[in-house]
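Line by line, the protein sequences are chains F and X.
Residue numbering for the first sequence follows my numbering, starting at 4 and increasing by one per position.
Residue numbering for the second sequence follows my numbering, starting at 4 and increasing by one per position.
The set of hints was computed from the structure by calculation and includes no laboratory data.
Careful: at least some of the hints might be erroneous.
Identical chains blur together in the list; that is why a pair holds if it fits in one copy or across any two.
To be verified - Keeping only pairs whose Cα atoms sit at most 20 Å apart, straight-line, the calculated SDA-like set for lysine to any residue is:
| no. | residue 1 | residue 2 |
| --- | --- | --- |
| 1 | Lys13 | Asp199 |
| 2 | Lys461 | Pro442 |
| 3 | Lys138 | Thr34 |
| 4 | Lys12 | Leu48 |
| 5 | Lys461 | Gly39 |
| 6 | Lys497 | Thr131 |
| 7 | Lys497 | Asn474 |
| 8 | Lys233 | Gly499 |
| 9 | Lys13 | Ala41 |
| 10 | Lys461 | Asp289 |
| 11 | Lys402 | Asn127 |
| 12 | Lys13 | Ala49 |
| 13 | Lys13 | Glu72 |
| 14 | Lys93 | Ser333 |
| 15 | Lys12 | Gly45 |
| 16 | Lys100 | Glu137 |
| 17 | Lys203 | Asp400 |
Number of protein chains: 2
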Amino acid sequence: MQKKLEVLKKHLREVKDLEAVVAVLDWDQTTFMPEGGAPARGRQLALIARLAHEKQTDPAIGHLLDDLEPWAQSLDYDGDDAALLRVARKDFDKAVKMPPAFVEEFNLHCAETYNAWAAARPANDFKTVEPLLEKTLELSRRMAEFFPGYEHIADPLIDFIDPGTTVGILRPLFAELKEGLVPLVRAITEQPPADDSCVKGFFPEEGQLAFGRRIVERYGYDFTRGREDKSPHPFTTSFSIGDVRITTRVKEHDLTEALFGTLHEAGHGMYEQGINPAYEGLPIADGTSSGVHESQSRLWENVVGRSRGFWEYAYPELQTVFPDVLQDVSLDAFYRAINKVSRSLIRTDADEVTYNLHVMLRFELELELLEGALAVRDLPEAWRARFKDMMGIEPPDDKDGVLQDVHWYAGKIGGCFQGYTLGNVLGAQFYAAAVKAEPGIPAAIAQGEFGVLHGWLKNTIYWHGRKYTANELAARITGGGISVAPYMKYLREKYGELYDL
Amino acid sequence: MQKKLEVLKKHLREVKDLEAVVAVLDWDQTTFMPEGGAPARGRQLALIARLAHEKQTDPAIGHLLDDLEPWAQSLDYDGDDAALLRVARKDFDKAVKMPPAFVEEFNLHCAETYNAWAAARPANDFKTVEPLLEKTLELSRRMAEFFPGYEHIADPLIDFIDPGTTVGILRPLFAELKEGLVPLVRAITEQPPADDSCVKGFFPEEGQLAFGRRIVERYGYDFTRGREDKSPHPFTTSFSIGDVRITTRVKEHDLTEALFGTLHEAGHGMYEQGINPAYEGLPIADGTSSGVHESQSRLWENVVGRSRGFWEYAYPELQTVFPDVLQDVSLDAFYRAINKVSRSLIRTDADEVTYNLHVMLRFELELELLEGALAVRDLPEAWRARFKDMMGIEPPDDKDGVLQDVHWYAGKIGGCFQGYTLGNVLGAQFYAAAVKAEPGIPAAIAQGEFGVLHGWLKNTIYWHGRKYTANELAARITGGGISVAPYMKYLREKYGELYDL
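Same shape as in the complex, but just chain F:
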C-alpha cells in the first residue's frame, strides 16, 4: 500500500505542479507581461490547463484511489495520509464527473462573456451581456446536474470553493447576520458621518509600498518565500509553499487602497506559507475553503489592521513616512477615518459593517436565478430594488449595480460570493478563540508584536492545509460550528464605541 501511495503521490504532484505552472503564467500575465505577449500566453495557458486536466482525470489515479480505499478507511482520520486520500478522492470525483467537452464549452463561453462584460460595464450596457448571461445560467445548472443528490441546486456549485457548505447551512446563518446588521447600519448612518479626508491627501507610491511591506513582514509574511508586485486587481497566488506571492495596487490620493489591500493579501499569503511543508506539491497543500481563506485575509486586514491597538503601534511610524499630510492628524482622527461606515454602491469599497449586505444581495439573487424564480432579463431591476431595500440607496445605473463584479461574467453563477461573508464571520470567531487561548494577544498587537497570534493561527489553521474542512476546523477550534455571534459582538463593540451608539 505504501508503494501504491507513493505512485499516487507522484501523479498528484504532477497535477499540482501543472496547476502551479498555470499560476506562474497567470501571475506574469497580470504583473509584468508586455501587451504583445497576450496571444501566445493565451495559447500557452490553455495548453497547460488542458494537460493539468488530463493528468487530473487520468484513470490511473482512479485505480490507485480504488485500490487504496480499504486501507484509507483503516487509517486514523487525523493522519496526513488519510487526509491526502480524502482530498484526492474528492478532487478526482469532481474532475471526472464533468465531461471534457462540457468543460471546454464552459471555458470558451466564459472567455467570450468576460470580453463582452469588459466592454459592457463602462458602457453601462447590460443588454449586450444578457443573452450571454442566460447561457451562463444554463451552463451553471448543467454543471450542478453532474453532481446529483443535492438538496439545493446551488449546493454542488458552492461545494467547489466551500466544500461541505450548503444553502441549508448558509440561509439561517445569513438571516441571523442580516437581522443583526440592518439595525446596526441604520443606527450608525443616523449619526454624523466620519471625516476621512485625512487619508485622501497625497501619499507618494514608494512610501506606501515600503510601509505596507514593513507591516506585513512584521505580521509574519515571509519575503524569502514570497514577494509583492503591482497588478490592476490585487491577488495572492501560490507556486509552492516556498513561493507565495501577493500583489497590490496604489492610489496616490487614497492611502487605504494599497495599505489594506496589502494587509488583506498578506493574510491569504501567510495562510499558504504556513502549510505543513511535508504537504509540498500535494493537493492538501492549499487553503481548505474560500471562507477560511477569506477569514485570514479579513482577520489581518480588519480585525488586526483596522484596530485601535494596532495603530497605537503603527501610526507614529506612518506619520514619519508621510509627515506633511499626517503630522497634525491625531491617532483618533485617523482611526475614525479608516473605519468610516457609509451606505455605498460598490462591494469592494465597502466598509466592514455594510460589506456583508452586498454579499447577501448577490447570494440571494444567485439562488433565485438558479431556482428559476428570477429571470436574467429581470436581474438589473431586481438588483436595484433589493439594493434600495437593503441599503437604503438606489444604484443610478447598472455599471455600479449588476455589472460591477466580474464573477458572474467570468465563470458560473452560484457559489461565487458566500466565501466573503463566511470569511468575516470565521475571522472574528477564530480571533476570539485565539485571544481566549492567548489573552496577551491584544496587548502584543499594540506593541507591534504579532508572533503569538501568527503562531496560534499557523498551528491551528495554516499547518493543516486541506486536512480539515471549514466546519471541522471551526468545531476543533471552538467546540461548536460556525457562529455569527462573535462577529456581531465584535462589530457592536467596535462600532458602538466609534459611533457612540
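Given the structure of chain F, go ahead and fit chain X onto it with the hints provided.
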C-alpha cells in the same frame, strides 16, 4: 496534404509552447523568484521539459513528416511551408536519435557537475570536478555517436547550435583570423594603454538603466513586445514573437557593464522580435544559429554601440545623465575608454580585438579533448600554456583559467564557443553588406537614426527565422560564404586609428 500540414503545425506549436513555458519558468527563476521557490521550481521545470521532449518525439510527428516528405520535395525551397518542413524534420531526427535514457543520464550528470563547479570555481579546485569532466567528455562522445557519418567527432555537437557548420569549415576560418589578430593585438599592446578611468566613476543605477533603455528603444527594440529586468547574468529569452525579454546587470562603478550588456541583449532581442509573425508558435520562429544570433548582438553592441559616430549622437545625452562624472570628459576620451584593448584573463570581460583569441583557445581544446589528443587531467596545464602562448600572459590560477566559463560544466564538451567568434565575423560582414546596400547608414547612426539599418537587418535576416542556415544567409547577402576579411578590415581601421598604428 494541407490538412496533414495543419495537423503537424498543431503538434509543433504544442512543442514550441511547452518550450516557451520552460523559458517563462526559467526567466522568473532568474529575475524575480524568492529563494524559497527553488525546490518546487526545479520540479516544475523538469516536468514541463519532460513533457516538451515527449511531445517533440511523438511518433505522430514522424509519421506526418514521412507522409508530407514527397510533397515537401515538390515545394519551392524559399517557401514558408518548405522551410517549416525542413526545420521540423531536422529537429525531429535530432530529438529521436538520442534515447530518452541517455538524455536523462546526461541531464542528471550536468546538474551534478554544475553544482560541483559552482563550489569548485571560487575554491580554485579543478581536482574535484576532474572526474565529472571525464564523464562529461565520455557522454559528449557518446552523444556525437548517435549521429554517425560525421567527418570530425565535434561536428554533430557543433550542429546543435550552428547547423551546417563543421570543424572542416571552422578550422581554416579561425586560422586566418588568428593570423590577422595576433599581430594586431601585439601592435596595439605595444602602444601606451588607453585610459578608461572616466567610465569607472560613480553612475547611479537608475540613470544607467533608463539611458540604456532609451538607446535600445531608438535602436528598434520594441518594449510593447518585450521588457528589461535585472539578473545575475544577462540573457535574452523569447516566449513568443510578441514577448521577447532581455536582462542586464548593473555595476555602479563601471558604466560599461549594464550599458553594453543592454545593447548586446537588445541585438538578440530585435532578432527574435523581427521574425515573420506568420511563423508564431512554429519551430522556424527562432534564430537560425548561435553564430547569426551573436552577429546581431555584437553588431548592435560593438559595430554600432562602440563606434565614434554613435557616440557623436549619444554622448551629449549621456553627459546630461551623469554630469558630475562626465561633463569634463571629452567625446574622444570617452570613445577611447570604451574601446580600450588589453590582454586580460576573462573572456566575458575581453575587448573586441582579443575576444576571439579566448574563443579559439577553447575551441582548440574542445577538439583535442574529443579527439583523445588531450586528457582531462592535462587540461589546466594545457590551458595555461596555450593562453600564455596566445595572449602573452599566464593565468595565475584555474579559477580565472580553465574554470572560468560555465559551459563545459553545465553541458557537453564540443560546440560551445564557436558561435561567439562566428558572430563577430558575421556581424562585421552583415554590417558591411548593409552599408553597401544603404550607404547612408553611418551618417544616420551619427544622428541617432537607426531605422534604415534595423529595417535592412529585419528584412534580410530577422524576418526569415530559421528558414535559411547561417551559410545560406551569408550567401544570399554577400554572394559568397562566411568571410573573415570584412571583420579584419573593420578591426584594422578602427583600432589602427585609435592606437595610431
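Hints the structure violates: just list their numbers, smallest first. 1, 3, 6, 7, 8, 14, 16, 17
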